[in-house]
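Q: Residue numbers (the numbering used here), protein chains in the order written: chain S, 1 to 275; chain E, 1 to 355; chain P, 1 to 295.
Treat the hints with care, since some could be wrong.
To be verified - What the simulated footprint calls covered on chain E by chain S, stretch by stretch (three residues with Cβ under 8 Å from a Cβ of chain S suffice, anywhere in the stretch; the number is not a length): (1) 45–59; (2) 67–73.
Claimed, not checked - Residues of chain P placed beyond 12 Å of chain S at every Cβ, according to the derived structure: (3) Ser33; (4) Gln45; (5) Gln57; (6) His204; (7) Asp242; (8) Ser265.
It should be emphasised that the hints constitute simulated quantities derived from the structure, not laboratory data.
Predicted model, so just to flag it, every value in this text is computed and none were measured.
Positions of the beta carbon are idealized from the N, C-alpha and C atoms, including for glycine.
Each chain, letter by letter, is given below.
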Amino acid sequence: MNVCRLKKLGFGMGVLGAASFSLIPFLLFVSSAFKTQTEVTAIPPQIWPSFSLAFFRSAIVRYDILKYLVNSVIVAGSTTVVTVFLSALAGYGLARLPRRWSHLTLMVILACAMFPQIAIVGPVWRFLRHLGWLNTYQGLILPYVALTLPLAIWILALFFREMPEELEAAALVDGCTRLQALVRVIVPLSAPGLFTAAILTFIYAWNEFFLALLIVTDPVRQTMPVGIALFQGEHTVPWGEIAAASLMTTAPLVVMVLLFQRRIVSGLSAGAIKG
Amino acid sequence: MASLTLKEISKRFGDIDALSAVDLHVPDGQFCVLLGPSGCGKSTLLQIIAGLERQDQGSVLLDQEDVDHLSPRERDVAMVFQSYALYPHMTVSENLGFGLRMRRFPKGEIRDKVLEAAQLLGIEHLLDRKPGQVSGGQRQRVAMGRALVRRPRLFLLDEPLSNLDAQLRLNVRLELKQLHRQIRTTILYVTHDQVEAMTLGDQVVVLKEGQMRQVGDPESIYNRPADTFVATFVGSPVMNLFKGKCVKEGKRFRFLHPDFSLHMGSLSLDMDGHEVELGIRPEDIECGKEEKADLKAEIAMMSNVGADQYIHARIGKAPVTLRAPKNATFCAGDIVTIPIDTRKLHIFHEGQRIN
Amino acid sequence: MIAKQHRLSLVLISPALLVLVVFIGAPVIQSVSLSLHRIVISLPQLQTPFVGLANYQELLHDAVARHSFWVTIVFVSTTTFFELALGLLLALLIHRRFPGRGGLRACVLIPWAIPTVVSAQMWRFLFNDAYGMINYAIFGHRVTAYVPWLAEPGMALCAVILADIWKTSSFAALLILAGLQIIPEELYQAARVDGAGLWRRFWHITWPLVRPALLVALLFRTIDAFRVFDLAFVMTQGGPADATNVLQLYGYKKMFIEGWMGYGSAISVSVFVMILILAIVYVRIVGRRLLEKSL
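Please construct the entire structure, taking both the sequences and the accompanying hints into account.
A: What follows is the structure in structure tokens.
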């Protein structure tokens, strides 16, 4: 009896510890967004904010943070659409190839995800400069597509492979062409897989910093992470505004995690079990 | 509706001959069953006929017309899959109508045909549900209906009953036979279940390792199996087979086994001195306790399968299964006598039937 | 079952492959070629002469590079170790069925989901010498004892390491969770029937069966840790005194701040080769059978 209660207590402590380890630093930081200037720079620090919205106003008006947000939406959104489209085609193609080939191709594709960005960034930068695509959306979107494709292809190839082939055969016998079978039967059924791939791609593109820093140097086209990293005040670090901007960047992600926790877990762990 | 002809269909997967030179003719309106153990190539054959898989050699003809160059969509055949392969994202009625939609039938006509098929199968109350919301038996009907609704030239059924439980399987089997009487479409039906094959088929084709072993109506398959494989695959309990030697005694032949010997009647070939196998079905042996009989056996075990009782016994060392007479009471250790009707004997030489 | 139309498959795969080749495959190869040339971005009139392995020779004698290498090694090994240990604990927690598991999983995922830049700013703020919460948590109102964490080389590296552990332990946990999920529940029941306690169940069932997933997590995490950039860039800019100047950051500075494209490429190729060797070693020792069996 006592042992049982002790175990439960231990488990509860573990849960509490994990949750606070994950959340408290973050909450302490973003709560600064709701403080006033004196509260943020108080020594010793002050924990509870007074729920002032001054920093949000300042971030939007003085630092034009919404512009970065729009850029992020455009870049991450387009990347997601393109990546999911290309990886659905490729994943389907790979799932229908003989094992030996698809295995090899998937390994090569996975290896692409392992390359350090630094090893590709020089040539990519020169290539984009050559095309005149530095400081453009497409100059950022295309490399992002390349970097997110491996995981998306991996998830979808496994997903398609597990879909019973009989369904596709049934569609063919029912009078579909192969393309119709793909559009009418396979794609609707792979919605969960496509969705998982889309979430993970979006999160990657929304968060990416290294390439964004190098490819887009014109503030008009910069994305949120670059904006947050390069935030400069006149004399001191504008912590309140940074926290406000961080919260605005993070809020959509937190909502996504809360809503789609199950899909994210299964998507990431699919990659692990199978690979 | 159409007749189906297969000419020398061959298919290899790697080093394995999935099908070798399969020839078959299924006349218009016939219910033909492909029977064989799993891995015998029967499903592959079905897929080749549907156009889902391409044969290495040979050709498929519908109404004597070569369809090899046609895609599944153009062949106008319907298929019921073992897993049913219902589209989980569509309702039952959308599933039923999918083939018609793909062939651009007018909406009203699709609705009428779907309703007609649903009524025929007794699933009209399920039309608005998704496949996930109906029972296994109902799903099977939907799969049948999806094939039925198009009135295709040929039905291909790939083990359609194997996912049903025993009771349901029996009912659906009867209904299927009934349905075929009503619609009279050519059906090619794949199964590994010999009872299904015998009860459903007008013609039964026994396949093993990609080769046709015997083609014929159920009676001839059962009564005159062409080889030892067919003999043991069809029938339950399995036919008793004894390996022994054939010896000529005047005009008749005698079968010599280490544990017993027995007259075999007349043979078409002179097998004097050859190794032969002698088969007899358990249900063809009416054993008793009379003294005057050909063979004696000691009972090892009884097994009761409801309507019938079977005896597992030994003649000397050779095991034999036989049917017990109605109301008979036997115990292990009893000695029973086995009268042999030579007309019921199956005699094989090197696996092939010789009587 | 369906007649394999390989041509169709290849057509479907090709657009994705094209993107990968243009933006990953070709650049990697070109990096190698760039590293064999002397290229200065700001001085195009110098042309781009072929210099053979001169960049690499220089790299061997570059004290900053050697220091960066060691910083990276320390960073990779400590973060990977702690992330796997913590990840295993987290995975065991979020694997258990209990009310609120979904909520805990979401909580744990948040550090992984937020941009690294945000978490870097967050830790930079928390480690602030004057109004940072870390100082407050440790020293309370004794303001004079407050430590300027990010200004001391050793402490700064620790801070960056802590930030990385906070950010990616949950990712490691998810990879390990995948391994836990494929352990059949019957095994635990059988062990209980056999009288095994909690610890024995972990040691004899969980540990051996989760090890493959742990190794996969190790592979992913090590490779990823080698690529650390955002955290160091935002939190410390590589300082103080190059204490957090990890290789990818150093390469970036050489290439894009100082404009030595050729020399920077030599650094990036070296990082790439290190990761490659590491990956090959891993796959050779532990991964091969595992990877192939799972496909």
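Q: Each hint: holds or not?
A: Outcome of the hint check:
Counting residues of the region 45–59 of chain E whose beta carbon lies closer than 8 Å to any beta carbon of chain S gives 4, which reaches the threshold of three, so the coverage claim holds. A stretch counts as covered by a chain when three or more of its residues have a beta carbon under 8 Å from one of that chain; for the region 67–73 of chain E and chain S the count is 3, and the coverage holds. Not every CB of chain S is more than 12 Å from the CB of Ser33/P (nearest about 9 Å), against its label as outside the interface. With 12 Å as the threshold on Cβ separation, the claim that Gln45/P sits away from chain S holds: the shortest Cβ distance comes to roughly 17 Å.
With a closest Cβ-Cβ approach of about 19 Å to chain S, Gln57/P is found to remain outside the 12 Å limit, as its non-interface label requires. For His204/P, the non-interface assignment is confirmed: its Cβ lies about 19 Å from the closest Cβ of chain S, beyond the 12 Å cut-off. Annotated as non-interface, Asp242/P keeps its C-beta farther than 12 Å from every C-beta of chain S; the closest such distance is 17 Å. Listed as a non-interface residue, Ser265/P fails to keep its Cβ farther than 12 Å from every Cβ of chain S; the least gap is roughly 5 Å.
Of the numbered hints stated above, those contradicted by the structure are hints 3, 8, listed in ascending order.
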